[in-house]
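**Student:** One letter stands for each residue in the lines below.
Number of protein chains: 2
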Amino acid sequence: MAYTVPVIEALVQALRQLPGVGPRSARRMAYALLERKRPVMGELASALAHADQVVRHCERCNNLSDAPLCGICQSARRNPKLLCVVETPADVSAIEATGAFDGYYFVLMGHLSPLDGIGPEALHLDRFERLLDEGGFEEVILATNPTVEGEATAHFLADLVQRHGLRATRIAHGVPVGGELEFVDRGTLSSALSGRRAIEP
Amino acid sequence: MAYTVPVIEALVQALRQLPGVGPRSARRMAYALLERKRPVMGELASALAHADQVVRHCERCNNLSDAPLCGICQSARRNPKLLCVVETPADVSAIEATGAFDGYYFVLMGHLSPLDGIGPEALHLDRFERLLDEGGFEEVILATNPTVEGEATAHFLADLVQRHGLRATRIAHGVPVGGELEFVDRGTLSSALSGRRAIEP
Numbered sequence: 001m002a003y004t005v006p007v008i009e010a011l012v013q014a015l016r017q018l019p020g021v022g023p024r025s026a027r028r029m030a031y032a033l034l035e036r037k038r039p040v041m042g043e044l045a046s047a048l049a050h051a052d053q054v055v056r057h058c059e060r061c062n063n064l065s066d067a068p069l070c071g072i073c074q075s076a077r078r079n080p081k082l083l084c085v086v087e088t089p090a091d092v093s094a095i096e097a098t099g100a101f102d103g104y105y106f107v108l109m110g111h112l113s114p115l116d117g118i119g120p121e122a123l124h125l126d127r128f129e130r131l132l133d134e135g136g137f138e139e140v141i142l143a144t145n146p147t148v149e150g151e152a153t154a155h156f157l158a159d160l161v162q163r164h165g166l167r168a169t170r171i172a173h174g175v176p177v178g179g180e181l182e183f184v185d186r187g188t189l190s191s192a193l194s195g196r197r198a199i200e201p
Numbered sequence: 001m002a003y004t005v006p007v008i009e010a011l012v013q014a015l016r017q018l019p020g021v022g023p024r025s026a027r028r029m030a031y032a033l034l035e036r037k038r039p040v041m042g043e044l045a046s047a048l049a050h051a052d053q054v055v056r057h058c059e060r061c062n063n064l065s066d067a068p069l070c071g072i073c074q075s076a077r078r079n080p081k082l083l084c085v086v087e088t089p090a091d092v093s094a095i096e097a098t099g100a101f102d103g104y105y106f107v108l109m110g111h112l113s114p115l116d117g118i119g120p121e122a123l124h125l126d127r128f129e130r131l132l133d134e135g136g137f138e139e140v141i142l143a144t145n146p147t148v149e150g151e152a153t154a155h156f157l158a159d160l161v162q163r164h165g166l167r168a169t170r171i172a173h174g175v176p177v178g179g180e181l182e183f184v185d186r187g188t189l190s191s192a193l194s195g196r197r198a199i200e201p
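Going down the list, the protein sequences come from chains X and C. Its first residue numbered 1, the first sequence is counted upward by one per residue in this note's numbering. Its first residue numbered 1, the second sequence is counted upward by one per residue in this note's numbering.
Please keep in mind that the hints were generated in silico from the structure rather than gathered at the bench. A portion of the hints provided could be inaccurate.
Any copy, or any two copies together, can satisfy a pair, since identical chains are not distinguished.
[What the hints assert, rightly or not] Straight line, CA to CA, 20 Å or less: simulated SDA-like cross-link-like pairs of lysine to any residue: (1) Lys-37 / Arg-16; (2) Lys-81 / Gln-53; (3) Lys-81 / Asp-102; (4) Lys-81 / Pro-146; (5) Lys-37 / His-164.
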């Protein structure tokens, strides 16, 4: 039996639960922390405990927030006519990082997936419909992922949005900026062709 | 300015200090924890805090331990004639995992590196010499890394060990098991040639 220190093994096991961390990198992290980065241990422990305690979902849009309403929902400086629907808070963070959108968000916390038992009721759609009725939006941008489930979810939500008398739009799919046609998959390339736009003269 | 939640940003910054974790994977970890792995947050926070509080260096061999003496130094079932000198506690863990060594260890917590101001006094050599005098060992295996600094450290320690009347040995360098000659670097290949062993008839 190899020699082990239980408290170090417990740390390795806990680190392994981080996404993308396998047994070897968990062990490397544990030893690096214990041998050379002691101050990081307390820092990370309290950052985890503090975030776990403080971060909840915004009562209006479901985004992650440290208050009942997230900073975006609280802001009066956003475009009140635009609502963007995404699957996860990480998607909000990604779109905010572009600086290309200044409206409000609604976070589904998932996508429709009948095979996994995830139907409309799991996506907080009661709250979504209330937002559509009360929000004063004109356009709802459906920015779910370009996967089978994300597309199905976008179709389902487009119907819902239109029944509330609002305009539904879908984010564009196509060749990634900086990508090369040769290396783009067929589905993306055929989306890029069918979604072609006129070049203004 | 992109929208951020300070407590989430603090968590991302703390995760970035883990070895091998860049800004993108730190963000991915933070969102995965907050969105889907809430129980892991408390678990990891307490594993970190507990290990930080409990883990110290063994008073005899410098290995990481949850007691004044580590489990190996406390054990009476190890071979009392063999001492293996390594650079770090992670090296002890790696050697223990092989099951190929059953003696005791001494952990230098580094290697000689005059350019970085790391001389013999930083490597706990007073304690090492006391161990050589009192330990009753016959052979000291120098298992520092096969780097310039590790080799220099092994040479320095070999002198010390021999002055104490003990036998000093160095771990073998050569072609890694399962490796292919074609892809082995020149230094390793020349070590493998000069360290060749007779095949018993």
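**Student:** It remains to establish, for every hint, whether it holds in the given structure.
**Tutor:** For each hint, the structure was consulted:
1. Lys-37 / Arg-16: both (18 Å within a copy, 12 Å between copies)
2. Lys-81 / Gln-53: neither (34 Å within a copy, 53 Å between copies)
3. Lys-81 / Asp-102: within (10 Å within a copy, 72 Å between copies)
4. Lys-81 / Pro-146: For Lys-81 and Pro-146, neither the intra-copy (24 Å) nor the inter-copy (65 Å) Cα distance is at most 20 Å.
5. Lys-37 / His-164: Answer is neither; intra-copy 55 Å and inter-copy 35 Å both fail.
Checked against the numbered hints above, the structure breaks hints 2, 4, 5 and satisfies the rest.
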